[in-house]
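Chains as they are written, first to last, in my numbering: chain A, 7 to 253; chain B, 676 to 961.
Simulated from the structure, these hints should not be mistaken for lab results. Hints are supplied without guarantee of correctness; some may be wrong.
[Said to hold, decoys possible] Listed below are the simulated DSBU-like cross-link pairs for lysine-lysine, each with C-alpha atoms no more than 35 Å apart in a straight line:
| id | chain 1 | residue 1 | chain 2 | residue 2 |
| --- | --- | --- | --- | --- |
| 1 | A | 249 | B | 900 |
| 2 | B | 855 | B | 830 |
| 3 | B | 830 | A | 167 |
| 4 | A | 104 | A | 201 |
| 5 | A | 93 | B | 900 |
| 6 | A | 250 | B | 830 |
| 7 | A | 104 | B | 887 |
Take a look at the letters that make up each chain.
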Amino acid sequence: MIASDAYSILWADLVTLKRRWSRYLITTLISPLLYLVAFGWGLGRGINLNGTSYLEFVVPGIIALTAMTASFNGAGTRLNVDRIYYKSFDECIMAPIKLHSLLLGKALIGTVRGTLSSVAFLIVAMLIAPTIHIGPMFLLGLLLTCITFSFLGVLAALLAKSHEDMGTFSSIILLPMTFLGGTFFSLSQVPLGLKYALYLLPLTHASLWLRAAALDQSLPWTSFLVLLIFFGAFMEGSMIALKKISL
Amino acid sequence: MREMIAISGLNKDYSGKKVVDCLNLGVAQGELFGFLGPNGAGKTTTIRILTTLTKPSSGRVLINGIDVARDPASVKSEFGVVQQHLSLNRDLTIAENLELHARLHHLASDDRAKRIAELLDYVEMADHADYLVDDVSGGMKRKAMIARALIHRPKLLFLDEPTVGLDAQTRRRVWDLIRKMNLDGTTVFLTTHYIEEAEALCSRVGIIHRGKLIALGTPIGLRQKLGMIAVEMQTNENGTEYRYFPDRALASEFIQRLHGAERIVMRESNLEDVFIEITGQKALGD
Numbered sequence: 007m008i009a010s011d012a013y014s015i016l017w018a019d020l021v022t023l024k025r026r027w028s029r030y031l032i033t034t035l036i037s038p039l040l041y042l043v044a045f046g047w048g049l050g051r052g053i054n055l056n057g058t059s060y061l062e063f064v065v066p067g068i069i070a071l072t073a074m075t076a077s078f079n080g081a082g083t084r085l086n087v088d089r090i091y092y093k094s095f096d097e098c099i100m101a102p103i104k105l106h107s108l109l110l111g112k113a114l115i116g117t118v119r120g121t122l123s124s125v126a127f128l129i130v131a132m133l134i135a136p137t138i139h140i141g142p143m144f145l146l147g148l149l150l151t152c153i154t155f156s157f158l159g160v161l162a163a164l165l166a167k168s169h170e171d172m173g174t175f176s177s178i179i180l181l182p183m184t185f186l187g188g189t190f191f192s193l194s195q196v197p198l199g200l201k202y203a204l205y206l207l208p209l210t211h212a213s214l215w216l217r218a219a220a221l222d223q224s225l226p227w228t229s230f231l232v233l234l235i236f237f238g239a240f241m242e243g244s245m246i247a248l249k250k251i252s253l
Numbered sequence: 676m677r678e679m680i681a682i683s684g685l686n687k688d689y690s691g692k693k694v695v696d697c698l699n700l701g702v703a704q705g706e707l708f709g710f711l712g713p714n715g716a717g718k719t720t721t722i723r724i725l726t727t728l729t730k731p732s733s734g735r736v737l738i739n740g741i742d743v744a745r746d747p748a749s750v751k752s753e754f755g756v757v758q759q760h761l762s763l764n765r766d767l768t769i770a771e772n773l774e775l776h777a778r779l780h781h782l783a784s785d786d787r788a789k790r791i792a793e794l795l796d797y798v799e800m801a802d803h804a805d806y807l808v809d810d811v812s813g814g815m816k817r818k819a820m821i822a823r824a825l826i827h828r829p830k831l832l833f834l835d836e837p838t839v840g841l842d843a844q845t846r847r848r849v850w851d852l853i854r855k856m857n858l859d860g861t862t863v864f865l866t867t868h869y870i871e872e873a874e875a876l877c878s879r880v881g882i883i884h885r886g887k888l889i890a891l892g893t894p895i896g897l898r899q900k901l902g903m904i905a906v907e908m909q910t911n912e913n914g915t916e917y918r919y920f921p922d923r924a925l926a927s928e929f930i931q932r933l934h935g936a937e938r939i940v941m942r943e944s945n946l947e948d949v950f951i952e953i954t955g956q957k958a959l960g961d
């Protein structure tokens, strides 16, 4: 029942997405493509990191941040608007479904959108850097990244009291993470203190996992575990926040 | 008759301010009950508590015998809600909005399409099924919300200011729809600050002011308490004053003794007089 109710929540977004898929993909691909051009082709041309070209290094990082941004916005921004402006979230709360289903459904919206955006970028990136390897471990990490940041979006949307709060959250948390989460540079190049601080960011672990999987390096299972812990914490936090605003 | 809504000792505080103050109220099955009050009186907060959207500070609410706080999941199948603000999903068409609601209320897939068609017919919107929400008028949006609230065949319908912002013609059509639903057996709990709406529709009304229930009865019963005949006296000094009398003879006697009034009108009292007298007196008393 939890899965079918969650699907009902997701269904409405799938209908919308089907209606506007091309517009969604164009909008969501602009930022990662700009990052790819600016960092991969512009700044990074000719840089080599331990035998890997900078382009190959940066593509998994951009996929991680695309997954983060699209999932967070797909779940969080939409939920924030539905809850505070359209009030249509109230209709979901008043439906006879479990709160777990409601949360999962809202998070799946972000996960679907995050996965779609990442895969679309991946297809473009594969044309530019065909040597990166996309296997089951890469896809597993991508899904985990998407659902983790979807739940972060849900949590932020449930805590937000206005649309500005979501903007503030994005500026204070997501934007720094975009640049510092191991996306554009190797953590081995930063001072030790900062390195430990950057390990506290979920995007760092997503980048490490996706990069290792894409470049056929040994997989950082600790990062996978840390991502799982973040996923659990964001999900539990969302449940607590939802219980505070409904019966 | 069995109570569809039973509220006892209900309180709601926001930062120490009492929004609902020891509310006790029962609404019988099949009743069309009007819950009236000025803006900010506590009507919407009460509805939000009854519909599981807001936690009460204390007190107990039973909907069709089910405790709202203890078993919110079960109680949610018992009622439908038409909220004051537009709460349709604007990315979906009218029919898709109904389908989403049907899915969330676990209607079987073969029943869904039939029920959606039936309800769109009921609210005279069959031709607009495939329109996006923003492409239909305010009145149609309101009717679509009513159709959505009815999709799971609820025994109780909450209507929170259902005609706010609608033109007079559309308002009358929504009134007809509310009467029709009530005649079909649905208990209706209606909040409104349009007094004539309550008078036209409701078999019984309660008036809430600053969170307290200050009057309860049939519209005619409340008018009888106040006086069935109203006298309006327009003076230069005090504006318009009102006096109420049990019958025309006493009212005429009073008018004959009057001096200095610019304009005098004798008429039947209405629920608006009751509302203004009661809430006005309370405000002065406070």
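Agreement of residue 104/A and residue 201/A with the hint, judged by alpha carbon distance not exceeding 35 Å: The given pair, whose Cα atoms are some 41 Å apart, is violated under the 35 Å limit.
- request: Could you grab the alpha-carbon distance between residue 249/A and residue 900/B and see if it respects the 35 Å cut-off?
  value: Distance of about 45 Å is beyond 35 Å: violated.
- prompt: Between residue 830/B and residue 167/A, does the CA-CA distance stay at or below 35 Å?
  reply: 34 Å, holds
query: Given the hinted pair residue 250/A and residue 830/B, is their alpha-carbon gap at most 35 Å?
result: 28 Å, holds
message: Against the 35 Å threshold, does the CA-CA distance of residue 855/B and residue 830/B hold or violate the hint?
response: 14 Å, holds
- prompt: Are residue 104/A and residue 887/B close enough, with their CA atoms no more than 35 Å apart?
  reply: Holds: residue 104/A and residue 887/B sit about 33 Å apart, inside 35 Å.
Distance restraint between residue 93/A and residue 900/B, which requires alpha-carbon spacing of 35 Å or less: Answer violated: residue 93/A to residue 900/B is near 40 Å, above 35 Å.
In summary, the numbered hints that this structure violates are 1, 4 and 5.
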